[in-house]
Amino acid sequence: MRAGKLNKRITLQRKGQQQDPNSGATIDTWLDVSTVWAGIEYLSVREFIAARSGQVEISARITIRYRTGIGATMRAVRGDQIFNIHGVLPDNGSGREYLTLPVSEGANDG
3 MRAGKLNKRI TLQRKGQQQD PNSGATIDTW LDVSTVWAGI EYLSVREFIA ARSGQVEISA
63 RITIRYRTGI GATMRAVRGD QIFNIHGVLP DNGSGREYLT LPVSEGANDG
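Taking the numbering used here, the leading residue of the sequence shown gets 3, the next gets one more, and so forth.
Possibly wrong hints are sitting among the right ones.
[Claimed, not checked] Once the Cα atoms are required to be at most 16 Å apart in a straight line, the calculated EDC-like pairs of lysine to aspartate or glutamate come out as:
#, residue 1, residue 2
1, 7, 99
2, 10, 82
3, 7, 93
4, 7, 43
5, 17, 30
Don't read these hints as lab results, they were simulated from the structure.
Construct all of the structure, not just a fragment, from the sequences and the given hints.
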């Protein structure tokens, strides 16, 4: 994949806990892990139907440069779009150049 295709900024987030500044209670929230350049490719109709046959509503795939620590319990955010990550697939070559993240759109509780 050419680096020019990674032309969108996304923020990778993980589920975590923070202390509420007003009440002092511990609350579940999404914590930023990193902001990276990414390519976002929405699935074609055929790919979307095939993905739905597995009962997973994969609607797009996000490609980022390889990095460790990315998992299916995380999500990606771009502006007001939230993408739930369903897997992490290394590239076919070295396995250490790019990662492909099959995602579905929409907020969830993690």
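Hints versus structure:
About 14 Å separates the Cα atoms of residue 7 and residue 99, which keeps this hinted pair within 16 Å; it holds. Distance check on the hinted pair: residue 10 and residue 82 sit about 13 Å apart at the alpha-carbon level, within 16 Å; holds. For the suggested pair residue 7 and residue 93, the alpha carbons sit about 15 Å apart, so the restraint of at most 16 Å is met. The suggested pairing of residue 7 with residue 43 holds, with an alpha-carbon distance near 10 Å, which does not exceed 16 Å.
With a C-alpha separation of about 7 Å, the suggested pair residue 17 and residue 30 falls inside the 16 Å cut-off, and the hint holds.
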